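*Asks:* Sequence:
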Amino acid sequence: MGCNLTKDVTPHVEEDHKAKNSSAKEEKPQEIQVQEQPDEGEDQAEVEEAVTKIQAVFRGHRVRKQMASGEPTKQQLEAEFSADDKEMVHAATKIQATFRGHMSRKKDDEVPKPEDGEEELDIDLSDPDLNKAATKIQASFRGHRVRKDEPKPQ
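Position 111 of the sequence shown, counted from 1, bears residue number 192 in my numbering, the numbering being contiguous throughout.
By construction, these hints were calculated from the structure, which means they are not laboratory data.
No experiment lies behind these values; they were computed from the predicted model shown.
Each residue gets a CB set at the ideal place from its N, CA and C atoms; glycine is no exception.
There's no promise every hint is true.
Unchecked claim - Computed beta-carbon distance windows for the label pairs:
hint, residue 1, residue 2, range
1, K167, A131, 56 to 66 Å
2, A220, H183, 52 to 62 Å
3, T154, A131, 30 to 40 Å
4, F139, P193, 48 to 58 Å
5, K175, Q147, 42 to 52 Å
Please work from the sequences and hints to get the whole structure.
*Replies:* This is the structure:
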């Protein structure tokens with residue numbers, strides 16, 4: 082900001098003005114308070130922090146003010162975009178349909194796979210024990226089906 086924080090602050094007093102006042106009347110000397118120079122180190126760091134904070138607050142204020150003045154009102158938008166403009170209505174409908182399709186596809190992608198406790202197992206189909214087990218299961222089922230289809234003796 083162009084602030085020089087390392088120099089002492091001294092009031093600007095005109096010498097001629099002071100001389101005129103003292104010659105006309107004898108007044109009590111005025112006490113001038115002079116701000117002391119901050120110590121090098123901690124005080125200087127505090128001053129720099131304060132300056133940075135003030136700058137940040139002002140920048141935020143300026144941006145918020147610009148944003149508020151740049152946003153059009155509802156009446157301004159309605160005046161600019163007429164509902165009777167068929168081309169504008171068609172374009173708006175097309176944009177809305179595209180967006181709805183995008184959201185629908187996004188929702189479909191997020192659907193988790195149903196987990197019914199079924200896990201995909203990695204089974205080695207060339208295992209000879211597996212073939213024996215499958216044959217045994219098939220034979221048991223065929224026997225069950227034959228017994229079920231036979232009429233029961235009375």
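*Asks:* Are there hints from earlier that the structure breaks, and if so, what are their numbers?
*Replies:* Hint 5 is the one this structure does not satisfy, whereas the remaining hints hold.
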